[in-house]
Amino acid sequence: MEFILSAVQLYFTSLPMFFNPMTIGLLLLGTVIGITFGALPGLTSTMSLALFTPLTFGLESSQAMVFLIAIYSCAVYGGSLSAILINIPGTPSAIMTGLDGYPMSQRGEAGRAIGLATIASALGGLGGMLVLILAAPAVAQLALRLGSSEYALLASLGLALIAYISGKSIVKGVIAGFIGLLIATIGMDPIGAYPRFTFGLVDLIGGVELIPALIGLFGIAEVLKQVDKGLLKEVGFQKISGILSCFSEVKKLWGVLIRSVAIGTFIGAVPGTGGSIAAMTSYAIQKRVSKKSKEFGTGLPEGICAPESANNASVGGALIPMLTLGIPGDPMTAVLIGALLFHGLVPGPLLFEAHPDFISAIFLTLTLSCFLILLVGLAGSKLMARVLTIPQYILMPTILVLCMVGSYTIRQSLFDIGVATVCGILGYLLQKVEIPVAPIVLGLILGPMLEDNFRRSLILSGGSLMPFFTRPGCLILILLIILVLFGPSIQSRLRRKTGFKLKSSG
Amino acid sequence: MRKAEVAVAICIFAVSGLVFYASREYPLADLGKGGAAALFPCLLAGAFAVVAVLLLLGSIVGSYSREKTSSFILPEKRSLLSVVVILLLLLATPYIMGFLGFLLTAFFFLAVLLLRLRDKPLTIRSALTTILLSAGVTGVVYAVFWWGAKVPLPVGVLLGA
Chain A
1 MEFILSAVQL YFTSLPMFFN PMTIGLLLLG TVIGITFGAL PGLTSTMSLA
51 LFTPLTFGLE SSQAMVFLIA IYSCAVYGGS LSAILINIPG TPSAIMTGLD
101 GYPMSQRGEA GRAIGLATIA SALGGLGGML VLILAAPAVA QLALRLGSSE
151 YALLASLGLA LIAYISGKSI VKGVIAGFIG LLIATIGMDP IGAYPRFTFG
201 LVDLIGGVEL IPALIGLFGI AEVLKQVDKG LLKEVGFQKI SGILSCFSEV
251 KKLWGVLIRS VAIGTFIGAV PGTGGSIAAM TSYAIQKRVS KKSKEFGTGL
301 PEGICAPESA NNASVGGALI PMLTLGIPGD PMTAVLIGAL LFHGLVPGPL
351 LFEAHPDFIS AIFLTLTLSC FLILLVGLAG SKLMARVLTI PQYILMPTIL
401 VLCMVGSYTI RQSLFDIGVA TVCGILGYLL QKVEIPVAPI VLGLILGPML
451 EDNFRRSLIL SGGSLMPFFT RPGCLILILL IILVLFGPSI QSRLRRKTGF
501 KLKSSG
Chain B
1 MRKAEVAVAI CIFAVSGLVF YASREYPLAD LGKGGAAALF PCLLAGAFAV
51 VAVLLLLGSI VGSYSREKTS SFILPEKRSL LSVVVILLLL LATPYIMGFL
101 GFLLTAFFFL AVLLLRLRDK PLTIRSALTT ILLSAGVTGV VYAVFWWGAK
151 VPLPVGVLLG A
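Protein chains in written order, with the working numbering: chain A, 1 to 506; chain B, 1 to 161.
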């Protein structure tokens with residue numbers, strides 16, 4: 001009971017801040033930017049966070065987080081609009097929404113599909129947020145007991161999760177992770193402040209700035225990718241009607257929503273997974289348990305509600321490891337870590353002790369953004385459908401200008417525009433040889449954490465590696481790392497075996 | 001064996017070699033006293049080279065991948081030219097912006113790309129639209145960052161003098 005009371009107390013700590021018109025304005029602006037960027041194909045939600053982080057330069061850290069969390073939460077929802085209207089998911093997490101949303105839209109029921117996606121997203125977001133409020137303080141308390149050797153292994157665990165976000169090839173994912181780790185070694189070493197790989201450049205002594213690197217990897221590289229594959233032709237405007245009629249329909253889908261929220265939050269909390277895996281799993285499970293499983297893909301309300309509520313619930317889940325351990329749940333939370341560092345805050349358990357108001361601002365923003373999704377999504381979807389008609393040949397150059405200004409803003413340095421450009425070219429070339437970009441970010445963020453804690457642990461033990469194998473926390477983490485590293489291959493072997501059995505029995 | 005993967009592996013060997021070579025100047029002794037600045041980069045470079053060997057082996061055996069992947073594909077001529085134009089503009093931007101400042105550079109950057117990326121033939125009307133769009137977008141971005149976020153954008157040597 002005391003635990004719940006303290007969670008509620010933490011939740012309301014920063015409530016007075018939300019009576020400030022500036023905060024409300026930032027929340028609304030973040031909502032509109034998030035939905036717009038999420039909806040527009042070619043503009044990813046990670047890109048939107050990387051681009052708008054520099055805009056928070058003059059803001060107080062809590063207000064900056066209100067703006068960025070609103071973008072994060074709403075961009076996940078925004079992807080569903082283009083998936084439903086033009087069958088091109090604005091974000092990867094909306095891929096499954098299009099499977100049933102687009103057929104419904106083709107039947108002239110675009111309004112109904114958008115209404116269902118909006119309500120499911122808002123409810124999913126609220127569910128994930130509820131779990132975040134209850135779980136995050138408890139995990140933070142547990143994390144306070146960890147020493148430097150456990151933190152080094154925790155960072156290694158985060159890196160091991162690359163196996164899950166590697167896409168087709170684990171080796172290629174690992175290569176990307178190493179690229180991130182190597183970039184992170186540029187600049188002064190974390191213990192002795194010895195300058196490394198600076199090539200005599202003063203601008204590199206402080207290391208490669210995270211935000212310009214992320215802008216390059218997710219902004220410039222994405223624009224180059226879109227131009228490379230040929231820009232989309234102009235999209236026609238689609239009429240939307242009957243959005244509000246779906247409220248009564250949602251009442252029949254409570255079971256779907258509760259199940260999907262639980263799946264989404266759990267998957268979101270596993271570092272390295274994110275909204276797309278949550279949506280896919282939820283859709284697959286719903287299809288398996290549904291009485292209408294054969295009708296999936298033909299425009300079924302369940303097929304929209306399951307992935308949409310799961311991907312929005314994953315937002316709350318992904319924030320648990322990010323806020324309590326400093327480990328990103330997905331590429332978007334990796335950018336959020338960059339934003340926190342930009343504002344001089346280090347994610348981890350101490351954040352809960354030192355800045356409860358900041359944590360509370362995140363909780364309240366998540367709650368309010370769910371209501372705003374409902375408001376803007378239901379009332380403004382006709383306008384959003386019009387936004388989708390903006391031609392890509394106008395959008396892409398505009399994004400590039402935002403990339404330039406965003407990179408410059410961090411240190412007011414033209415050198416950082418060069419950093420973003422180099423990272424953009426690197427990201428583009430890597431994607432051409434099917435090496436994923438997301439693990440680079442994990443390496444960039446977890447590299448300093450790994451090196452700092454690994455060497456600190458060596459100093460404490462007088463150069464011995466024994467603490468890594470004698471401390472109980474370390475042993476558990478080593479077991480988890482082994483499980484994560486060999487889990488996918490064991491899983492695929494089991495799947496092959498089961499498949500074989502099924503075939504032979506059939 | 002795919003050429004793209006061999007090229008990636010060669011790049012990795014080169015990077016690992018460079019990291020080892022550059023790390024020879026950094027201290028490595030005194031693991032227990034914190035003076036080992038070369039330790040982490042050397043460990044990474046070694047592991048990176050091992051991954052390159054795995055990539056090469058995987059490429060030969062063809063068993064590392066869960067699915068067959070395609071190799072490096074060059075874009076169509078028109079898209080390739082657009083990518084090259086963007087890259088050249090981006091690489092030149094830090095130098096041009098230092099001289100011309102943000103406003104002129106962004107306007108020039110946008111105008112060139114809007115003309116390059118549109119797929120319809122250029123008319124007087126579309127040229128005017130391009131100029132207006134470039135000026136409008138530059139103005140909005142400038143206003144948002146200069147007045148909204150209080151970020152002093154580069155004025156440039158030309159106008160700042």
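Since the hints were derived computationally from the structure, they do not count as laboratory data.
Being a predicted model, the structure only gives us computed values, none of them experimental.
The beta-carbon is built from N, C-alpha and C at its ideal position, and this holds for glycine as well.
Keep in mind that the hints are not guaranteed to be accurate.
[To be verified] With beta-carbon atoms standing in for the labels, derived distance ranges:
{"id": "1", "chain 1": "A", "residue 1": "T470", "chain 2": "B", "residue 2": "I73", "range": "20 to 30 Å"}
{"id": "2", "chain 1": "A", "residue 1": "S245", "chain 2": "B", "residue 2": "P152", "range": "45 to 55 Å"}
{"id": "3", "chain 1": "B", "residue 1": "G98", "chain 2": "A", "residue 2": "S241", "range": "49 to 59 Å"}
{"id": "4", "chain 1": "B", "residue 1": "L87", "chain 2": "A", "residue 2": "H355", "range": "38 to 48 Å"}
{"id": "5", "chain 1": "A", "residue 1": "T298", "chain 2": "B", "residue 2": "I96", "range": "26 to 36 Å"}
{"id": "6", "chain 1": "A", "residue 1": "Y194", "chain 2": "B", "residue 2": "L91", "range": "22 to 32 Å"}
{"id": "7", "chain 1": "B", "residue 1": "K150", "chain 2": "A", "residue 2": "F415", "range": "17 to 27 Å"}
[Claimed, not checked] PhoX-like cross-link-like pairs, simulated, lysine-lysine; straight-line CA separation at most 20 Å:
{"id": "8", "chain 1": "B", "residue 1": "K77", "chain 2": "A", "residue 2": "K229"}
{"id": "9", "chain 1": "B", "residue 1": "K120", "chain 2": "A", "residue 2": "K432"}
{"id": "10", "chain 1": "A", "residue 1": "K225", "chain 2": "A", "residue 2": "K432"}
{"id": "11", "chain 1": "A", "residue 1": "K252", "chain 2": "A", "residue 2": "K291"}
{"id": "12", "chain 1": "A", "residue 1": "K287", "chain 2": "A", "residue 2": "K252"}
{"id": "13", "chain 1": "A", "residue 1": "K251", "chain 2": "A", "residue 2": "K291"}
{"id": "14", "chain 1": "A", "residue 1": "K239", "chain 2": "A", "residue 2": "K432"}
{"id": "15", "chain 1": "A", "residue 1": "K229", "chain 2": "A", "residue 2": "K432"}
{"id": "16", "chain 1": "A", "residue 1": "K251", "chain 2": "A", "residue 2": "K292"}
{"id": "17", "chain 1": "A", "residue 1": "K292", "chain 2": "A", "residue 2": "K252"}
{"id": "18", "chain 1": "A", "residue 1": "K432", "chain 2": "B", "residue 2": "K77"}
{"id": "19", "chain 1": "B", "residue 1": "K120", "chain 2": "A", "residue 2": "K229"}
{"id": "20", "chain 1": "B", "residue 1": "K77", "chain 2": "B", "residue 2": "K120"}
{"id": "21", "chain 1": "A", "residue 1": "K225", "chain 2": "B", "residue 2": "K150"}
Evaluation of the provided hints:
Remark: the range hint 20 to 30 Å for T470(A) to I73(B) is contradicted by a beta-carbon distance near 51 Å. Checked against the given bound of 45 to 55 Å, the beta carbons of S245(A) and P152(B), roughly 51 Å apart, stay inside it. For the hinted restraint 49 to 59 Å between G98(B) and S241(A), the CB-CB distance of approximately 53 Å keeps it satisfied. At about 41 Å, the beta-carbon gap between L87(B) and H355(A) stays in the expected band of 38 to 48 Å.
Evaluation of the 26 to 36 Å hint for T298(A) and I96(B) yields a failure: the beta carbon distance comes to about 54 Å. A hinted range of 22 to 32 Å holds for the C-beta pair Y194(A) and L91(B), which are about 31 Å apart. At roughly 21 Å, the beta carbons of K150(B) and F415(A) sit within the given window of 17 to 27 Å. Restraint check for K77(B) and K229(A): the C-alpha separation of about 11 Å stays at or below 20 Å, so the hint holds.
Under the criterion of a C-alpha separation no larger than 20 Å, the hint pairing K120(B) with K432(A) is inconsistent with the structure, at around 28 Å. For the proposed pair K225(A) and K432(A), the alpha carbon gap of about 8 Å is at most 20 Å, so the pair holds. Distance check on the hinted pair: K252(A) and K291(A) sit about 14 Å apart at the alpha-carbon level, within 20 Å; holds. The suggested pairing of K287(A) with K252(A) holds, with an alpha-carbon distance near 16 Å, which does not exceed 20 Å.
Between K251(A) and K291(A) the CA atoms are separated by roughly 17 Å; this keeps the pair inside 20 Å, and the hint holds. Distance hint between K239(A) and K432(A) is unfulfilled; the C-alpha atoms sit about 37 Å from each other, more than 20 Å. As the CA atoms of K229(A) and K432(A) are separated by approximately 11 Å, the hinted pair is consistent with the 20 Å bound. Annotation: proposed proximity of K251(A) to K292(A) holds, straight-line Cα distance about 18 Å (limit 20 Å).
Between K292(A) and K252(A), the direct Cα distance comes to roughly 14 Å. Compliance with the 20 Å bound is thereby established for this hinted pair. Proposed proximity of K432(A) and K77(B) is supported: the alpha carbons are some 16 Å apart, at most 20 Å. The hinted pair formed by K120(B) and K229(A) meets the criterion: a straight-line CA distance of about 18 Å does not exceed 20 Å. For the suggested pair K77(B) and K120(B), the alpha carbons sit about 16 Å apart, so the restraint of at most 20 Å is met.
For the suggested pair K225(A) and K150(B), the alpha carbons sit about 32 Å apart, so the restraint of at most 20 Å is broken.
The structure shown violates the earlier hints numbered 1, 5, 9, 14, 21.
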